[in-house]
Amino acid sequence: MPVFESSFDDPLGMWAAAPAAQPVSFAVGEAPAPPEADVYRVNLSAQPEEARAELRQNEAAVVAVSAALDAIPARLEDLSQRTPPAGISFAVSGGMEESGPEGELLVMLGETDRQALSGGVLSFGFGEQASQVWAEAKARFDGLMTQIDHDVLHLAWVETNIEQHLIARTIVNWDGDAQTAWLEEAGDEQAGLHERALRSVTQTRLLRLRMFITIASGAARLSVLMAAPGGAVLALPAVYQYVTKILAQAREMQSIQTN
Amino acid sequence: MTDLFLNGIDADTGGPIDGDMVITSEMIAKVARGETISQDELDDARKRRSLDKTKVKNYGSIEGTDDDDLGSVGWSVVFPASLPQKSVDGIKEALKPLLDLRKEQAGKQTEKYYKEVIGKDLGYQNGESKNDFLKRFDTGPGPADPDFFPYYSLIVGSPETIPFTFQYQLDVQYAVGRIYFDKLEDYYQYASSVVAAEQKKMTRARKAAFFGVANPDDMATGMSSKELVKPLADGVKADYKDWTVDLIKPENATKANLANYIGGAKTPALMFSASHGMSFKPDDPRLLRHAGALLTQDWPGQKARMPITDSLYFSADDIASDADVAGMVAFVFACYGGGMPRSDNFYRQFFKQKKDIAPYAFLAQLPLRLLSHPKGGALGVFAHVERAWGASIQWDETVNDVRTFKSMVSALLNGKTAGVATEYFNSRYAEISTMLTEELDMTTPEMQDDIKLAGMWTSNNDARNYTFIGDPAVRLAVADKPTPASARTIIQIPAAITTLTAGFQPDVSDRSAAAPVKSADGSQATNYGFLDAFKKDPAAPADGSGSPGVGGGGALKNFVEKLGNYLSKALDDASSLEVTTYVASDLASVQYEGGKFTGAELRALTRINIDGDTQVCLPEKDGEIDMTVWGIHLEMVKSAQSNRAELIKNIVNAAASIAGIGGK
Chain Z
1 MPVFESSFDD PLGMWAAAPA AQPVSFAVGE APAPPEADVY RVNLSAQPEE ARAELRQNEA
61 AVVAVSAALD AIPARLEDLS QRTPPAGISF AVSGGMEESG PEGELLVMLG ETDRQALSGG
121 VLSFGFGEQA SQVWAEAKAR FDGLMTQIDH DVLHLAWVET NIEQHLIART IVNWDGDAQT
181 AWLEEAGDEQ AGLHERALRS VTQTRLLRLR MFITIASGAA RLSVLMAAPG GAVLALPAVY
241 QYVTKILAQA REMQSIQTN
Chain G
1 MTDLFLNGID ADTGGPIDGD MVITSEMIAK VARGETISQD ELDDARKRRS LDKTKVKNYG
61 SIEGTDDDDL GSVGWSVVFP ASLPQKSVDG IKEALKPLLD LRKEQAGKQT EKYYKEVIGK
121 DLGYQNGESK NDFLKRFDTG PGPADPDFFP YYSLIVGSPE TIPFTFQYQL DVQYAVGRIY
181 FDKLEDYYQY ASSVVAAEQK KMTRARKAAF FGVANPDDMA TGMSSKELVK PLADGVKADY
241 KDWTVDLIKP ENATKANLAN YIGGAKTPAL MFSASHGMSF KPDDPRLLRH AGALLTQDWP
301 GQKARMPITD SLYFSADDIA SDADVAGMVA FVFACYGGGM PRSDNFYRQF FKQKKDIAPY
361 AFLAQLPLRL LSHPKGGALG VFAHVERAWG ASIQWDETVN DVRTFKSMVS ALLNGKTAGV
421 ATEYFNSRYA EISTMLTEEL DMTTPEMQDD IKLAGMWTSN NDARNYTFIG DPAVRLAVAD
481 KPTPASARTI IQIPAAITTL TAGFQPDVSD RSAAAPVKSA DGSQATNYGF LDAFKKDPAA
541 PADGSGSPGV GGGGALKNFV EKLGNYLSKA LDDASSLEVT TYVASDLASV QYEGGKFTGA
601 ELRALTRINI DGDTQVCLPE KDGEIDMTVW GIHLEMVKSA QSNRAELIKN IVNAAASIAG
661 IGGK
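Keeping their order, the protein sequence lines are chains Z and G. Going by the numbering used here, the first sequence opens with residue 1, and the numbers climb by one from there. Going by the numbering used here, the second sequence opens with residue 1, and the numbers climb by one from there.
Chain Z with its partners taken away, still in its complex shape:
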């Protein structure tokens, strides 16, 4: 069972989606979450030190993702400065000196621009695979928008379990108003664990908002490189792909360091 699980597919990849067949919020004998609530469940070890370490891992991931999001606008600004304006659509196979995520970003933007200018034929010049990547990235960006919409309008239902034993449940809205039901026997130690779990949830919600803003403003910034009208919208999937790659790298790096 994952330590951090949620009732939805977290676009940040920090919470594991619970399998559809076993919804986390409707276990037999337990009070159901309101249908409109997003359920977050933290399953901690009974060993206090181990439980704290599990939470630390998540907290470190939050810090790493946050720092990566902080850095992205400057990276994209640099990229747009050193790329010739409106030139990327003709530079698919040559002339690109960027490597890594920035290089992939420019290639994808260039392909998108080129196809838009040529009338929007679905097939990309370099094959169906690129088209699929674009479509998947777009679908995931749509998913991010949907989830933020949900975050803002709905409640988060946060449960902390210790060795599968529920110790606290909090209903928290977007503004932070919170109602918590504690197990009578919960002590300071367990309360501290739930409080940290709750904090992870609220921070994850904010990170998703920041991720969206970073992608949207990044796409707007890079649209000047594209010749096709509506460049910012066209650029969104590519920038989404780029941002998720950077965030995945940041999480991986953090994971290596903490381990």
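Simulated from the structure, these hints should not be mistaken for laboratory data. Note that beta-carbon positions come from the ideal geometry of N, C-alpha and C, so glycine has one too. Please note that the accuracy of each hint is not assured.
[Claimed, not checked] Straight-line Cα separation of at most 25 Å, SDA-like style, residue types lysine to any residue; simulated pairs:
{"hint": "1", "chain 1": "G", "residue 1": "649", "chain 2": "Z", "residue 2": "56"}
{"hint": "2", "chain 1": "G", "residue 1": "596", "chain 2": "Z", "residue 2": "187"}
{"hint": "3", "chain 1": "G", "residue 1": "103", "chain 2": "G", "residue 2": "65"}
{"hint": "4", "chain 1": "G", "residue 1": "649", "chain 2": "Z", "residue 2": "251"}
{"hint": "5", "chain 1": "G", "residue 1": "281", "chain 2": "G", "residue 2": "607"}
{"hint": "6", "chain 1": "G", "residue 1": "112", "chain 2": "G", "residue 2": "63"}
{"hint": "7", "chain 1": "G", "residue 1": "649", "chain 2": "Z", "residue 2": "150"}
{"hint": "8", "chain 1": "G", "residue 1": "281", "chain 2": "Z", "residue 2": "149"}
{"hint": "9", "chain 1": "G", "residue 1": "649", "chain 2": "Z", "residue 2": "144"}
{"hint": "10", "chain 1": "G", "residue 1": "649", "chain 2": "Z", "residue 2": "14"}
{"hint": "11", "chain 1": "G", "residue 1": "596", "chain 2": "Z", "residue 2": "177"}
{"hint": "12", "chain 1": "Z", "residue 1": "245", "chain 2": "G", "residue 2": "653"}
[Said to hold, decoys possible] Heads up, incomplete: computed chain G residues facing chain Z, CB under 10 Å, no partners named:
{"hint": "13", "residue": "595"}
{"hint": "14", "residue": "629"}
{"hint": "15", "residue": "643"}
Given chain Z, work out where chain G should sit, using these hints.
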């Protein structure tokens, strides 16, 4: 003094639209006494009333004509005079299939029976009364004479440029409908759908469905379910043996089931629903998209007093992208089901001051989405603008009165046009209006019965505010062998129609966000598809120069706007912070109901206002403060404060970024 029922619920409180103020018969009677029905309105009502008394078959048009035949009574399309020529050309092009058909039907024998009331000189001038409008066509109050002005009128424009009041008044004697879409493609979709239905290229089975919500402890829906929906369904079952009739009882009147009947496998030719309609505060970002959405049986009732989320109501967002609504006609009995005026009529009259309930008058999104559906649109939706009152169903608080509804439904099932079917509501309005005025004129306040007067006033307003969204000349398209969905022609939008999009009707500066679309399986469908994204931004120069910005894509722009509204609202809501602590010996038995935990003991509560005022309820055990619970509670408060500070910081940063996106 009696409380009155109306079919609208506020999303924030889960309570009545008017908050804790209960509208009583006494209050309405005061309004009625103070009301000045204009002389024009009264004349119309009286004329209509006298005609209704004398004529047998005809309702709105002159003697010797047939209201149900366009060639006999004529058809017109009315645009606002202020619409720029480029937009006029675009909309006319998009509506061409429908205009051509109506021209053929109405003008084939007498050319002038088809009329385009379009352009600076001929179009509707903003602020014009019905009589001033008709005067320009050398006619006045009284039955429609197509030699001067046709009986059928399709208004094409927002209620800001052609007000609801004009529509109501013209509708007293004429058959009036309205359309107003955000995209030219939608006009084309609708026009093509109507033409397909009339040319029998798209027919549905003879099936009617009656959907009656009755929320717990809720008098309004209890009454509409029992006294309106059931009798209607029973009546149709008894009188129309060749029709299949589904009565959806309250226990089955859920959102999921409504989706079966609106676009799903059970979609009928005629859908009738009675429920509460959703109401939102004027600054609520959901207002323009979800006002008038249908609150289903999933809502636990007013006693829960819980904020209402979209899982409890059916809105335009719930019409799947592959929904099968082509050719259907719907009747939506719900507050604001058809749209919303800018200011509240009741408040204006009771408090003698204007109370804005919306940034501008608008049509509800649900009917518009049905009419413009990309897989073929519905033909029309009867719906209510403003509050829908229980007076629609009960006369004088005692007599169940659904004859008007029955007559309207029968007219539709008998193949009459929507315009003719609405005449029954027009007759009712005329009759009650006259009665109300006579009651006020002929008696003194001391002699008047508040309840009777209030009943008349609400009935009068209620009957007046039914509107038809769509072309009033449409009629149900049914056949013994309906067109299978697979055999229907998919409407292809011509390239010329897509050259103008949002903004081509510059009458409302801050237009409603387009509704997100779901696929039939409930998953979020493409908001801006690959090919859509590749469509050229109409706002961009043709040479591709300039800064297109994110705004070129409707879905993202809408989302950014919506997000801005959310964040702004979040800042407003951040004026207080509330943290509550409960304790239970068994968390499995703790329920979350009506916005709070039950089955657990409330032990501590802290509310901190922005001005520093703090309210604290301390946990007590054996006469002393329970330090364990208090300690845990304090930590939660500190954590919530820290979270709130981060939220505000993020909102401020996000707001700056959003402004940047908008400015690109």
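Cross-check of the supplied hints:
Taken as a hint, the residue 649 of chain G and residue 56 of chain Z pair is honoured in the structure, with Cα atoms around 24 Å apart against an allowance of 25 Å. Between the alpha carbons of residue 596 of chain G and residue 187 of chain Z the distance comes to roughly 23 Å, so the proposed pair stays at or under 25 Å and holds. About 18 Å separates the Cα atoms of residue 103 of chain G and residue 65 of chain G, which keeps this hinted pair within 25 Å; it holds. A distance of roughly 24 Å separates the Cα atoms of residue 649 of chain G and residue 251 of chain Z; the hinted pair therefore holds under the 25 Å criterion.
Distance check on the hinted pair: residue 281 of chain G and residue 607 of chain G sit about 24 Å apart at the alpha-carbon level, within 25 Å; holds. For a cut-off of 25 Å, the pair hint linking residue 112 of chain G to residue 63 of chain G stands: about 19 Å separates their Cα positions. Distance hint between residue 649 of chain G and residue 150 of chain Z is fulfilled; the C-alpha atoms sit about 20 Å from each other, no more than 25 Å. At most 25 Å may separate the alpha-carbon atoms for a hinted pair to count; residue 281 of chain G and residue 149 of chain Z meet this at roughly 19 Å.
For a cut-off of 25 Å, the pair hint linking residue 649 of chain G to residue 144 of chain Z stands: about 21 Å separates their Cα positions. Of the pairs offered as hints, the one joining residue 649 of chain G and residue 14 of chain Z holds, with about 22 Å between alpha carbons and a cut-off of 25 Å not exceeded. Straight-line distance between C-alpha atoms of residue 596 of chain G and residue 177 of chain Z comes to about 12 Å, which keeps the hinted pair within the 25 Å bound. For the hint linking residue 245 of chain Z to residue 653 of chain G, the alpha-carbon distance of about 23 Å falls within 25 Å, and the restraint holds.
With a least beta-carbon distance of about 9 Å to chain Z, the hint placing residue 595 of chain G at the interface is held under the 10 Å criterion. A distance limit of 10 Å between C-beta atoms decides the matter here; for residue 629 of chain G the minimum to chain Z is near 8 Å, and the interface restraint holds. Annotation: residue 643 of chain G was flagged as interfacial toward chain Z, and the flag holds, the nearest CB pair being 5 Å apart, inside 10 Å.
When the structure is compared with the earlier hints, no violation turns up for any of them.
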